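Q: Protein chains in written order, with this note's numbering: chain A, 1 to 596; chain B, 1 to 596.
Bear in mind the hints are in silico, worked out from the structure with no lab data behind them.
In this text the structure is predicted, and so the values were computed from the model without any measurement.
Each hint should be verified, as a subset may be incorrect.
What the hints assert, rightly or not - Covered stretches of chain B, as calculated for chain A (at least 3 residues, CB under 8 Å):
(1) 288 to 301
(2) 327 to 340
(3) 347 to 353
(4) 423 to 435
(5) 572 to 578
For each residue, glycine too, the CB sits at the ideal point set by N, CA and C.
Read off the chains here:
There are 2 protein chains.
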Amino acid sequence: MSYSAPVKDMLFVMKELADIDSIAALPGHEDAGFDTAQAVVEEAARFCGEVLAPLNVAGDRTPSAWANGEVTTTPGFKAAFRQFAEGGWQGVIHPVDFGGQGLPKLIATPCIEALNSANLSFALCPLLTDGAIEALLTAGSDEQKALYLPKFIEGEWTGTMNLTEPQAGSDLALVRTRAEPQGDGTYKVFGTKIFITYGEHDMAKNIVHLVLARTPDAPEGVKGISLFLVPKFLVNEDGSLGARNDVHCVSIEHKLGIKASPTAVLQYGDHGGAIGYLIGEENRGLEYMFIMMNAARFAVGMQGVAVAERAYQQAVAYAKERVQSRPVDGSAKEPVTIIHHPDVRRMLSTMRAYTEGARALAYVAAAHSDFAHGHPDDAARKSHQAIYEYLVPIVKGFSTEMSVDVASLGVQVHGGMGFIEETGAAQHYRDARILPIYEGTTAIQANDLIGRKTVRDGGATAQALLAQIDQTIAALAEADGQPFKSMHRHLSAGSLSLARAVEFIVAKFKSDPNAVFAGSVPYLRLAGIVLAGWQMARAMIVAQAKRANDERFYSAKIATAEFFAEHILSLAPGIEASIVSANGREGVLALSEDQF
Amino acid sequence: MSYSAPVKDMLFVMKELADIDSIAALPGHEDAGFDTAQAVVEEAARFCGEVLAPLNVAGDRTPSAWANGEVTTTPGFKAAFRQFAEGGWQGVIHPVDFGGQGLPKLIATPCIEALNSANLSFALCPLLTDGAIEALLTAGSDEQKALYLPKFIEGEWTGTMNLTEPQAGSDLALVRTRAEPQGDGTYKVFGTKIFITYGEHDMAKNIVHLVLARTPDAPEGVKGISLFLVPKFLVNEDGSLGARNDVHCVSIEHKLGIKASPTAVLQYGDHGGAIGYLIGEENRGLEYMFIMMNAARFAVGMQGVAVAERAYQQAVAYAKERVQSRPVDGSAKEPVTIIHHPDVRRMLSTMRAYTEGARALAYVAAAHSDFAHGHPDDAARKSHQAIYEYLVPIVKGFSTEMSVDVASLGVQVHGGMGFIEETGAAQHYRDARILPIYEGTTAIQANDLIGRKTVRDGGATAQALLAQIDQTIAALAEADGQPFKSMHRHLSAGSLSLARAVEFIVAKFKSDPNAVFAGSVPYLRLAGIVLAGWQMARAMIVAQAKRANDERFYSAKIATAEFFAEHILSLAPGIEASIVSANGREGVLALSEDQF
Chain A
1 MSYSAPVKDM LFVMKELADI DSIAALPGHE DAGFDTAQAV VEEAARFCGE
51 VLAPLNVAGD RTPSAWANGE VTTTPGFKAA FRQFAEGGWQ GVIHPVDFGG
101 QGLPKLIATP CIEALNSANL SFALCPLLTD GAIEALLTAG SDEQKALYLP
151 KFIEGEWTGT MNLTEPQAGS DLALVRTRAE PQGDGTYKVF GTKIFITYGE
201 HDMAKNIVHL VLARTPDAPE GVKGISLFLV PKFLVNEDGS LGARNDVHCV
251 SIEHKLGIKA SPTAVLQYGD HGGAIGYLIG EENRGLEYMF IMMNAARFAV
301 GMQGVAVAER AYQQAVAYAK ERVQSRPVDG SAKEPVTIIH HPDVRRMLST
351 MRAYTEGARA LAYVAAAHSD FAHGHPDDAA RKSHQAIYEY LVPIVKGFST
401 EMSVDVASLG VQVHGGMGFI EETGAAQHYR DARILPIYEG TTAIQANDLI
451 GRKTVRDGGA TAQALLAQID QTIAALAEAD GQPFKSMHRH LSAGSLSLAR
501 AVEFIVAKFK SDPNAVFAGS VPYLRLAGIV LAGWQMARAM IVAQAKRAND
551 ERFYSAKIAT AEFFAEHILS LAPGIEASIV SANGREGVLA LSEDQF
Chain B
1 MSYSAPVKDM LFVMKELADI DSIAALPGHE DAGFDTAQAV VEEAARFCGE
51 VLAPLNVAGD RTPSAWANGE VTTTPGFKAA FRQFAEGGWQ GVIHPVDFGG
101 QGLPKLIATP CIEALNSANL SFALCPLLTD GAIEALLTAG SDEQKALYLP
151 KFIEGEWTGT MNLTEPQAGS DLALVRTRAE PQGDGTYKVF GTKIFITYGE
201 HDMAKNIVHL VLARTPDAPE GVKGISLFLV PKFLVNEDGS LGARNDVHCV
251 SIEHKLGIKA SPTAVLQYGD HGGAIGYLIG EENRGLEYMF IMMNAARFAV
301 GMQGVAVAER AYQQAVAYAK ERVQSRPVDG SAKEPVTIIH HPDVRRMLST
351 MRAYTEGARA LAYVAAAHSD FAHGHPDDAA RKSHQAIYEY LVPIVKGFST
401 EMSVDVASLG VQVHGGMGFI EETGAAQHYR DARILPIYEG TTAIQANDLI
451 GRKTVRDGGA TAQALLAQID QTIAALAEAD GQPFKSMHRH LSAGSLSLAR
501 AVEFIVAKFK SDPNAVFAGS VPYLRLAGIV LAGWQMARAM IVAQAKRAND
551 ERFYSAKIAT AEFFAEHILS LAPGIEASIV SANGREGVLA LSEDQF
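Extracted from the complex, chain A is given alone in its bound form (with noise of 0.2 Å):
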């Protein structure tokens, strides 16, 4: 199956709802207004679309494969990260001082998703690589980022994200790799490291591993966790390589998806320690890695947007294509496409509505992140600061969930085909898989969510998000047709459920933490469905004013906002009645363990 980027949506998205024209106003950023924008995404497009599209079926049939500790990727793989590397792309968003071409998020964004979309397997590989970047740039020494960002930006190594072992997954503070130091600077690293996302494979020179460890003398719990470099081949001081390290590819998993993509348990010192270096300070490894985490948890948001752009695009070409049965309504007295059925029209618009909201959603995000970091005015970043760490667990959370079951909707309307491989639907369905669970389950992002983003500070950011969603709310009440009353009903409901699960969890989170955290992931979802509900109000307003312009693209704007509210945001009220229970512990955890 073929991946056309919906370039169209994605630049209507950055111009609209996201202000690319106020990014471009930041210091630093004047280059980056909607001229480069388009002409990047439409160059990111063209790249995913003809190069590596067509190799994601490849790498499902075709995996990676290990022998001998090493790992085979995909034949094609290597080529294709051959020009990912020489077309610039590892380097959008990273500083120009090391190589990159230092645009903003917002620009980066929509390169991420065409990336991911095309092929989300390969797509990891630079994935995590960003996040060594973001810790490099973050607590790496002068020398150390000399030494490896351009590297990375060139696309000769790449980087990886070492936390989990096989008794720490989503509880760090079980990690019990080690790191002794040597006394020369340097520390010798051993443990064993699971699920190590490219931890192993043949498209770069060398691979630089980011490993949570312990010292000696470290305390107990996450408190007691530092983060080394650790790179496969040692690197000398002019940047050439020096001996291989201590860290071997010891297996890849066999998995549901996402199979070209080397899932590695690596090895670290059995063969007389991993020479390893401390990145920042000791002990702070967990704060450094959170840092990548946002970034990476962002990008796994974006990866379910994107393969649920894919799942969609399949599905709507399927169901242009399949005829069987006459329409309901007797206009025709043949069979026609199953698309003017009008199930098979009820889920590719919810896949649609889904995929776009989430989209708005992630693409405004990721612009509050660019004025976190270049607005002139102290406060506002700040604010702009806050709002995107209230959205990171929710772009993540809520897009991943969401593209499970549009992967599964568009699995359904294949019917029978869709359940036989060869045709291609059923890939997503398992590629998607992972996308709540890694880089932090749906759960923890929730807790994420609830602790640090909407508690600590008193509910404040999540009552700022929905003041800006009643001015939205006003806006559609002076707006006709029944689109634009149906989305005001509708958001309307939905905020005074996300403002009421707010008020409830802010309330009772010190006295009855299990009700609050039972309703964890359904505030995570509510909030996710009234935040994407909420762009999709602001798209339909603007398509509405811009309508003559572009008929086409903007009434389709119009009619997925509408599906949205009426199918979607509806169930908002719902959502709210798991979270605020007059009785979540009882009705949660009410059962003793052996009841289950």
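Starting from the structure of chain A, add chain B where the hints point.
A: Positioned in the frame of chain A, the structure of chain B alone reads:
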């Protein structure tokens, strides 16, 4: 992963909700009381747990394989099928006259559930044979019944249903397979059938295909379809096997799941014509097939319950074993098993509540079928039959759709391990995905629910059910305690939503069919949630009354019912908004084809 049939819940539902005692009072079912039910279900549980469940993973890893027209099933399947046959399991529900046990459907249903939980792929073979038996009982000649039924029932031969062709999936009007009369009472059949479950295999001595085909002068469309019996080996008058017939398996599909179950492409008549025998009268094939399909659709609904139960059991086992993170309420200083975390509880409770609700609804439907067949009173039979027929598309559509969500939650409970195939959770996620597709997609079920089951009688059957729900609501109002208050609130709201949906559908069916059918699947889901929630409400009332007898079981039932109310029934009004739309048509059908 092991499987242990939930015998206690099965028997509870049979006794307290589906009224097995009254079924035992029907003529011919004198021996089919609770004691018989208990003995049969316990034996089914033992056989399924010990013999079939251990083969489930093997079936996924070593699927059925095709070579030279023959299919070799997973090692162990053939021997297990012999045990199945010798245990008399094929005949549980079928007439004593042909070697069956003649037990009520209500007793057969938990057996079917256990069979499918234990091994979904294996269970498909008897499921299809059941369909063939039903068809012959309904429309076969006395000779056909005498020749084939005992062989089916003793497990010597198996049956298949041949509907689908490459161009004819949901739309059977497009069937092209032809049957030419030979003048001697037989026909020669020519054509290609696809997606034929167990269309070829090595577990039985003969395979008897029931095939939809057209005779030369048949009218166009569904009114020109006849049903033929085409055995793989021709059958002599004494029941011994004769010559190989001209039906050949040219390939099997490479599927997302249920891999042990061979899905065959069957070629009829490439070597002169496959000899076939007309079943019943010409051009009434679809009518007969619908009889098979009603039984098969109910059974596929049970597959949904079954895979949900299996996924639940696996997730519970993992959640009780995996240690990760301290409790959010600070009740322990050390990491605990994840079943102590509120969101894991929420996921497990969601899985459990859906499964128990869907089970109860399906068993109650089975009881209606028994009353419809055996009740001495004409009017009562008709009324039970109408309710059974209303419930069949709901049991099929609701149970299978929820099974996909439940299996997906099962993966999520496992975290990263869920994505690794060795864990086994992913198999359920893959296996379940076919259930909302085969034997009629959810949209086909929803169309049936709307057209034949709701509109045809002007909503009378739906209203009759709603009146029964009102009685339960009245009983809830008299009970004390938060669980009953919650259920009262959400069942009241849900039944109002369902009532309004029925009213809308009946009123608008002719004037605005697109608006009605755009809400068809949401209507089915709403009906499923409300009717399953109603069964949970009935269950909690019984549980309250009997609580002192078995605190552990009944308090769990009450808590699960409360969870169903607060987390599932609470969604009903939101779903209503997707059905009863001021603007259904514009929302779903507003886009032109080229806007997708």
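Q: All hints, please: hold or fail.
A: We went through each hint and held it up to the structure:
no., hint, verdict
1, 288 to 301, "violated (count 0)"
2, 327 to 340, "holds (count 7)"
3, 347 to 353, "holds (count 3)"
4, 423 to 435, "holds (count 5)"
5, 572 to 578, "holds (count 6)"
When the structure is compared with the earlier hints, a violation turns up for hint 1 alone.
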